[in-house]
Amino acid sequence: MGESPSYIICSISRSWYLVFSLEARCYDSNLTNTSLHLIPCELPKTPIFLRIRSTPCVSGHCGKYGTCFQYVSGGLIFSTCNCIAGWKGWGCTDGSTARPESELMLDVLLLTLSNLLFLPAVILSAYRKYFTEAFVYFATMTSSAVRYFS
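For the sequence shown, counting from 1, position 119 maps to 119 in the UniProt record's numbering; every step adds exactly one.
What the hints contain is simulated information worked out from the structure, not anything from laboratory work. Just so you know, not all the hints are guaranteed correct.
Label-pair ranges, simulated between beta-carbon atoms [said to hold, decoys possible]:
{"#": "1", "residue 1": "Pro44", "residue 2": "Trp90", "range": "43 to 51 Å"}
{"#": "2", "residue 1": "Pro44", "residue 2": "Ile84", "range": "51 to 59 Å"}
{"#": "3", "residue 1": "Asp107", "residue 2": "Thr140", "range": "16 to 24 Å"}
All residues carry an ideal CB built from backbone N, CA and C; glycine is no exception.
I would like the entire structure built from these sequences, with the hints used as guidance.
This is the structure:
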(Lines of atoms letter the chains of each structure in order from A and count residues from 1; the text may use other names and numbers.)
(Lines give C-alpha, C1' and ligand atoms only; values in the text may rest on other atoms or scores of the structure.)
Protein backbone atom coordinates (compact mmCIF):
# COMPACT_ATOMS: atom_id res chain seq x y z
CA MET A 1 0.00 0.00 0.00
CA GLY A 2 1.86 3.32 -0.01
CA GLU A 3 3.90 2.43 -3.08
CA SER A 4 3.48 4.54 -6.17
CA PRO A 5 1.93 2.89 -9.23
CA SER A 6 4.09 1.60 -12.07
CA TYR A 7 3.66 3.16 -15.51
CA ILE A 8 4.02 1.45 -18.88
CA ILE A 9 4.29 3.76 -21.90
CA CYS A 10 3.50 2.20 -25.28
CA SER A 11 4.43 4.31 -28.28
CA ILE A 12 1.92 3.40 -30.99
CA SER A 13 2.98 5.86 -33.65
CA ARG A 14 4.77 9.18 -33.92
CA SER A 15 1.57 11.08 -33.19
CA TRP A 16 0.15 9.36 -30.08
CA TYR A 17 0.91 6.84 -27.34
CA LEU A 18 -0.85 4.97 -24.54
CA VAL A 19 0.03 5.14 -20.85
CA PHE A 20 -0.99 2.29 -18.56
CA SER A 21 -0.95 2.81 -14.80
CA LEU A 22 -0.51 -0.33 -12.72
CA GLU A 23 -0.99 -0.53 -8.98
CA ALA A 24 -1.44 -3.70 -6.94
CA ARG A 25 -4.29 -3.54 -4.44
CA CYS A 26 -5.29 -6.45 -2.24
CA TYR A 27 -8.66 -6.74 -0.52
CA ASP A 28 -9.86 -8.87 2.35
CA SER A 29 -13.44 -9.96 2.17
CA ASN A 30 -14.99 -10.83 5.47
CA LEU A 31 -17.71 -13.38 4.92
CA THR A 32 -19.85 -11.98 7.73
CA ASN A 33 -19.55 -8.39 6.53
CA THR A 34 -20.42 -7.20 3.00
CA SER A 35 -17.67 -4.55 2.81
CA LEU A 36 -14.15 -5.03 1.41
CA HIS A 37 -11.08 -3.89 3.33
CA LEU A 38 -7.82 -2.82 1.69
CA ILE A 39 -4.86 -4.73 3.11
CA PRO A 40 -1.10 -4.74 2.33
CA CYS A 41 -0.21 -7.04 -0.59
CA GLU A 42 2.15 -9.78 0.50
CA LEU A 43 2.36 -11.60 -2.81
CA PRO A 44 5.81 -11.56 -4.49
CA LYS A 45 4.16 -11.33 -7.92
CA THR A 46 0.80 -10.01 -9.03
CA PRO A 47 -0.77 -11.53 -12.12
CA ILE A 48 -2.12 -9.07 -14.67
CA PHE A 49 -4.59 -10.06 -17.34
CA LEU A 50 -4.80 -7.69 -20.30
CA ARG A 51 -7.27 -8.13 -23.12
CA ILE A 52 -7.23 -5.69 -26.02
CA ARG A 53 -9.75 -5.99 -28.83
CA SER A 54 -10.16 -3.89 -31.92
CA THR A 55 -12.96 -3.71 -34.45
CA PRO A 56 -12.71 -2.20 -37.91
CA CYS A 57 -14.30 1.22 -38.28
CA VAL A 58 -17.16 1.85 -35.84
CA SER A 59 -18.47 -1.51 -34.66
CA GLY A 60 -17.53 -3.00 -38.02
CA HIS A 61 -19.61 -0.79 -40.30
CA CYS A 62 -19.93 2.78 -41.53
CA GLY A 63 -23.67 3.17 -41.87
CA LYS A 64 -25.71 3.62 -45.03
CA TYR A 65 -23.53 6.43 -46.43
CA GLY A 66 -20.05 5.03 -45.84
CA THR A 67 -17.62 2.28 -46.72
CA CYS A 68 -15.15 0.75 -44.28
CA PHE A 69 -11.56 0.58 -45.55
CA GLN A 70 -8.74 -1.29 -43.83
CA TYR A 71 -5.09 -0.87 -44.68
CA VAL A 72 -1.75 -1.91 -43.24
CA SER A 73 1.12 0.52 -42.70
CA GLY A 74 4.33 -0.33 -40.87
CA GLY A 75 2.89 -3.52 -39.42
CA LEU A 76 -0.14 -1.75 -37.97
CA ILE A 77 -3.69 -2.23 -39.22
CA PHE A 78 -5.74 0.93 -39.64
CA SER A 79 -9.39 1.31 -40.58
CA THR A 80 -11.42 4.31 -41.62
CA CYS A 81 -14.86 5.15 -42.91
CA ASN A 82 -15.05 6.75 -46.35
CA CYS A 83 -18.25 8.83 -46.30
CA ILE A 84 -20.22 9.93 -49.36
CA ALA A 85 -22.89 12.50 -50.24
CA GLY A 86 -21.79 15.02 -47.62
CA TRP A 87 -22.06 12.66 -44.65
CA LYS A 88 -19.23 12.84 -42.12
CA GLY A 89 -18.15 11.59 -38.71
CA TRP A 90 -16.49 8.46 -37.34
CA GLY A 91 -19.26 6.20 -38.63
CA CYS A 92 -20.71 8.48 -41.36
CA THR A 93 -23.62 9.31 -39.07
CA ASP A 94 -23.41 13.12 -39.07
CA GLY A 95 -25.78 14.37 -41.75
CA SER A 96 -25.44 18.09 -40.99
CA THR A 97 -23.84 18.75 -44.41
CA ALA A 98 -25.49 15.84 -46.23
CA ARG A 99 -27.33 16.26 -49.50
CA PRO A 100 -31.03 15.31 -49.51
CA GLU A 101 -32.14 12.00 -51.04
CA SER A 102 -34.14 13.82 -53.73
CA GLU A 103 -31.05 15.72 -54.89
CA LEU A 104 -29.01 12.51 -55.08
CA MET A 105 -31.76 10.81 -57.10
CA LEU A 106 -31.94 13.79 -59.46
CA ASP A 107 -28.17 13.58 -60.02
CA VAL A 108 -28.41 9.89 -60.94
CA LEU A 109 -31.35 10.46 -63.29
CA LEU A 110 -29.69 13.39 -65.06
CA LEU A 111 -26.47 11.44 -65.51
CA THR A 112 -28.36 8.44 -66.89
CA LEU A 113 -30.36 10.60 -69.28
CA SER A 114 -27.29 12.51 -70.44
CA ASN A 115 -25.54 9.21 -71.18
CA LEU A 116 -28.58 7.90 -73.05
CA LEU A 117 -28.48 11.00 -75.27
CA PHE A 118 -25.30 9.53 -76.80
CA LEU A 119 -27.36 6.68 -78.28
CA PRO A 120 -28.75 8.69 -81.26
CA ALA A 121 -25.20 9.80 -82.13
CA VAL A 122 -23.95 6.19 -81.91
CA ILE A 123 -26.82 4.86 -84.05
CA LEU A 124 -26.60 7.63 -86.66
CA SER A 125 -22.82 7.37 -87.04
CA ALA A 126 -23.02 3.57 -87.34
CA TYR A 127 -25.86 3.89 -89.89
CA ARG A 128 -23.69 6.24 -91.99
CA LYS A 129 -20.74 3.84 -91.64
CA TYR A 130 -18.65 6.16 -89.43
CA PHE A 131 -17.62 3.29 -87.19
CA THR A 132 -14.71 5.09 -85.53
CA GLU A 133 -16.99 7.92 -84.43
CA ALA A 134 -19.67 5.45 -83.32
CA PHE A 135 -17.09 3.65 -81.19
CA VAL A 136 -15.85 6.93 -79.65
CA TYR A 137 -19.41 8.00 -78.75
CA PHE A 138 -20.18 4.57 -77.31
CA ALA A 139 -16.92 4.50 -75.30
CA THR A 140 -17.62 7.98 -73.95
CA MET A 141 -21.13 6.97 -72.92
CA THR A 142 -20.07 3.77 -71.14
CA SER A 143 -16.97 5.21 -69.46
CA SER A 144 -19.00 8.11 -68.09
CA ALA A 145 -21.54 5.72 -66.58
CA VAL A 146 -18.90 3.35 -65.19
CA ARG A 147 -16.87 6.20 -63.68
CA TYR A 148 -19.87 7.59 -61.84
CA PHE A 149 -21.21 4.31 -60.46
CA SER A 150 -17.88 2.82 -59.35
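Hint by hint, which ones does this structure get wrong, listed from lowest number up? none
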